[in-house]
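Order-wise, the sequence lines are chains Z and A.
Under our numbering, the first sequence has 38 at position 38, and the numbering climbs by one with no breaks.
Under our numbering, the second sequence has 15 at position 15, and the numbering climbs by one with no breaks.
Check each hint, because a few of them may be wrong.
Same chains, same label: a pair holds when it works inside one copy or across any pair of copies.
[Said to hold, decoys possible] BS3-like cross-link-like pairs, simulated, lysine-lysine; straight-line CA separation at most 25 Å:
no., residue 1, residue 2
1, K35, K45
2, K81, K45
3, K80, K30
4, K21, K35
These aren't lab readings, by the way, just hints derived from the structure by calculation.
In case you want the letters, here they are:
Protein chains: 2
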Amino acid sequence: MYAVNYHEREEIEVTLAGSQKTTVRWLVGKRTGAKTYAMRLFDIKPGGIIPLHEHAEEHEIFVLQGQAKIIGGNDGDIAKKDDVVFVPSNQPHGYDNTEGTESFRFICVIPLLDNE
Amino acid sequence: MYAVNYHEREEIEVTLAGSQKTTVRWLVGKRTGAKTYAMRLFDIKPGGIIPLHEHAEEHEIFVLQGQAKIIGGNDGDIAKKDDVVFVPSNQPHGYDNTEGTESFRFICVIPLLDNE
């Protein structure tokens with residue numbers, strides 16, 4: 001068992017799918033105990049975006065701070081602090097904070113399908 | 001895909017293992033999209049506790065608010081806001097907020113081992 005502040009996890013720039021001004025920290029990954037799913041913390045700075053993309057892994061998300069437009073859902077969908085977001089397997093999705101004034105920060109849990 | 005405020009999920013009293021002043025909301029459960037792991041939100045009110053217990057399911061936890069003593073770890077271990085806690089499979093654990101002055105609120109992700 002361990003308890004660590006999330007800032008102790010390395011903050012890594014996200015470049016996937018043309019993302020901008022976005023970082024990820026692997027809070028619980030394979031090297032830190034994850035068996036079949038991993039917990040990450042994403043931070044999309046003001047002006048940042050994770051563009052539309054898709055993959056087999058579903059997402060279970062909890063928003064810690066800020067708000068962003070959800071890309072790939074219904075028009076006008078916003079995810080904001082205290083929201084739970086679920087993205088099914090293979091559904092295109094993205095998060096747009098290009099017009100935001102604070103970081104959009106969220107927990108995102110993902111299955112380790114390839115056992116990485 | 002959906003986005004809902006966590007307050008839209010039913011708040012259920014936890015009685016497992018003699019827990020007191022503790023509630024759980026299943027944010028993403030089997031009926032709301034979870035395939036192999038579920039996301040819950042626990043709230044241990046001031047004076048509350050989840051006593052020492054164990055089970056095969058590991059926990060990946062993120063603390064949203066407050067602090068609590070971790071039972072079953074090292075003496076004096078505290079989990080507090082912005083901490084990541086990992087509880088391995090079959091390790092006895094619990095959370096003690098009996099001396100706290102605010103709710104200890106955390107996200108807890110658990111595998112659906114029995115496919116419930």
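Structure-based check of each hint:
Proximity of K35 and K45 under a CA criterion of 25 Å is satisfied in neither setting, with 30 Å inside one chain copy and 30 Å between copies. Taking the shortest alpha-carbon separations for K81 and K45, both the intra-copy value of 15 Å and the inter-copy value of 21 Å come in at or below 25 Å. Taking CA atoms no more than 25 Å apart as the test, K80 paired with K30 passes between copies only; the shortest distance there is 23 Å, against 29 Å inside one copy. Taking the shortest alpha-carbon separations for K21 and K35, neither the intra-copy value of 30 Å nor the inter-copy value of 31 Å comes in at or below 25 Å.
Checked against the numbered hints given earlier, the structure breaks hints 1, 4 and satisfies all the rest.
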